[in-house]
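> For this one, chain L is given, so just place chain V on it according to the hints.
2 protein chains.
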Amino acid sequence: MKQTVTFGVDVGGTQIKFGIFDQEGHLLNDWAIDTNTADGGSHIMQAIALSIESVIAKIGLTPDQIEGVGMGVPGPVLEGGVVVEAANLGWKNRNVKEELEGYLSYKVRVANDANVAALGEQWAGSAKGKKDVVMVTLGTGVGGGIVLGGQLLYGSSGAAGEIGHMCVNPDETVVCNCGKCGCLEQYTSATGMVRLAKEVGMGDVTAKDVWDAVKAGDEKALQVAEIYGQKLGFALANVASVINPEIYIVGGGVSKAGNILLEYIEKYYNKYVFAPCKKATFTLASLGNQGGIYGAARLVLGEEH
Amino acid sequence: MKQTVTFGVDVGGTQIKFGIFDQEGHLLNDWAIDTNTADGGSHIMQAIALSIESVIAKIGLTPDQIEGVGMGVPGPVLEGGVVVEAANLGWKNRNVKEELEGYLSYKVRVANDANVAALGEQWAGSAKGKKDVVMVTLGTGVGGGIVLGGQLLYGSSGAAGEIGHMCVNPDETVVCNCGKCGCLEQYTSATGMVRLAKEVGMGDVTAKDVWDAVKAGDEKALQVAEIYGQKLGFALANVASVINPEIYIVGGGVSKAGNILLEYIEKYYNKYVFAPCKKATFTLASLGNQGGIYGAARLVLGEEH
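So the sequence lines, in the order shown, correspond to chains L and V. Using this note's numbering, the letters of the first sequence correspond one by one to residues 97 to 401. Using this note's numbering, the letters of the second sequence correspond one by one to residues 97 to 401.
For reference, chain L alone in the conformation it holds in the complex (with noise of 0.2 Å):
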């Protein structure tokens, strides 16, 4: 077999992370950029472009050793490589498929940044050798993704695996930052959790204040606990119902509070999931940050192998 590369591209609103792979999903060798917002985002796929392309000459690669480019971006994507929104970037309705397959002469494929960190996952992290995989990320905010059969889930508006905005409390009143009430990200994500702590008296704590005083045994943290494995129960058995994934790997920042998190989640998970569905296991994240690089350069690699 040939040896070939790909390259994973992850974009985030300040930086740009960059990989690349061997067929087997070994990381060779990666860096990062700044990323340039001026100009509604404009100037950005030819940053990525020429970064590549100067990496490329510099290892001395040949257009027949390199499979492709993968990318991961912040917002919604149809499976085109249209980017129908990604407000950090300054994108709306913004083919970047065509626009870097413009620059660079090698194939290009696109997916939203929390669908790929689950398909890097699948490929070289927690879940490797699974096919129905679910990932949530429990960072500022909450994001998900969803493999099916070793493929990527885009949805019909580039808005599959979107779980932080599944409602898990119809009769909420405060309003989430996408203008509805009762997502799983108001309780879930860092800011939800800080926002329960206030509500049970603990003050100003952070996400990972809250967790220490769990292992610690605060009773206050503990009742923060209970909700917040309540709330992530509920809705990851609601997944369960849907699609039946057979594991659900949990990753962001929140995830460091480690297995206790875990055992939150799945005491909750196992009470509301129709039975069939409670041989699902339950893992963290192994690929951290560089999840999306991964999982950007498998999407190139995974219709054809």
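Keep in mind that the hints were calculated from the coordinates and are not lab data.
All copies of an identical chain are treated as equivalent in the list; a pair is satisfied when it fits inside any one copy or across any two copies.
Lysine to any residue pairs mimicking SDA-like chemistry, simulated, CA-CA at most 20 Å apart:
1. LYS367 with PRO266
2. LYS227 with GLN247
3. LYS375 with LEU174
4. LYS294 with VAL270
5. LYS375 with GLY275
6. LYS363 with ASN265
7. LYS227 with GLY246
8. LYS367 with GLY275
9. LYS227 with GLY245
Just chain V now, kept in the frame of chain L:
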């Protein structure tokens, strides 16, 4: 192109329905036999094989004119053809695909009956030409089926699309047939609707009576319709956060209420759903009780057309 036919079989607890289809989804002939559930349902597969063989002989079909046999079964089915459990038939962990292939020398494919009905609507019914489809069947229970990219979703334990057992009310204390509390089925099946009607003081009525009263403007019935729409709209909005389908099909006995049912669903769907998923359309099923035989036939053809 050689003109071939496919058999679709819908196995129910009292009747087994059969259909012969051409490659474009036209039903050429259909018939039914009674289900013999004696001896743990062990005579069922042979009865199906004999019925198909006798029709093949009667029409005078040659083996090269037959694509295969698809079958819908009332219970969770794994992708390889193992029926995990079909209580109505007495089956448990039974590979009915291999069993039927032992009797007949044709390709056999098997899936859950509600899933298969969704595939039927996607092939030849209300969702013809759509790729990402969710069907919800509102009958004695609530079933569901999901087609993504034109392919039926099985799930890792055969439980994909079990929308009826999504929890829509975490505070419910009444227990569902499945053993947990707050399932969609407890509110939006025909029996669920009768229960809701009792709770608002409508007395002894059927689901049809309630919808007739809704159309006549009866105040208590209008209350029931709001709760009904709220539960179903909530559930389908949460389905959207997972797979973001382009169309929802509503079938089953309760769907005979017509478009007014869709209006109540859409009212609450739009309240709870993530904004990019508002583009989804809602429609009534069009194949009725025959959706099962259509979808079963399509199971066989779906892999190569």
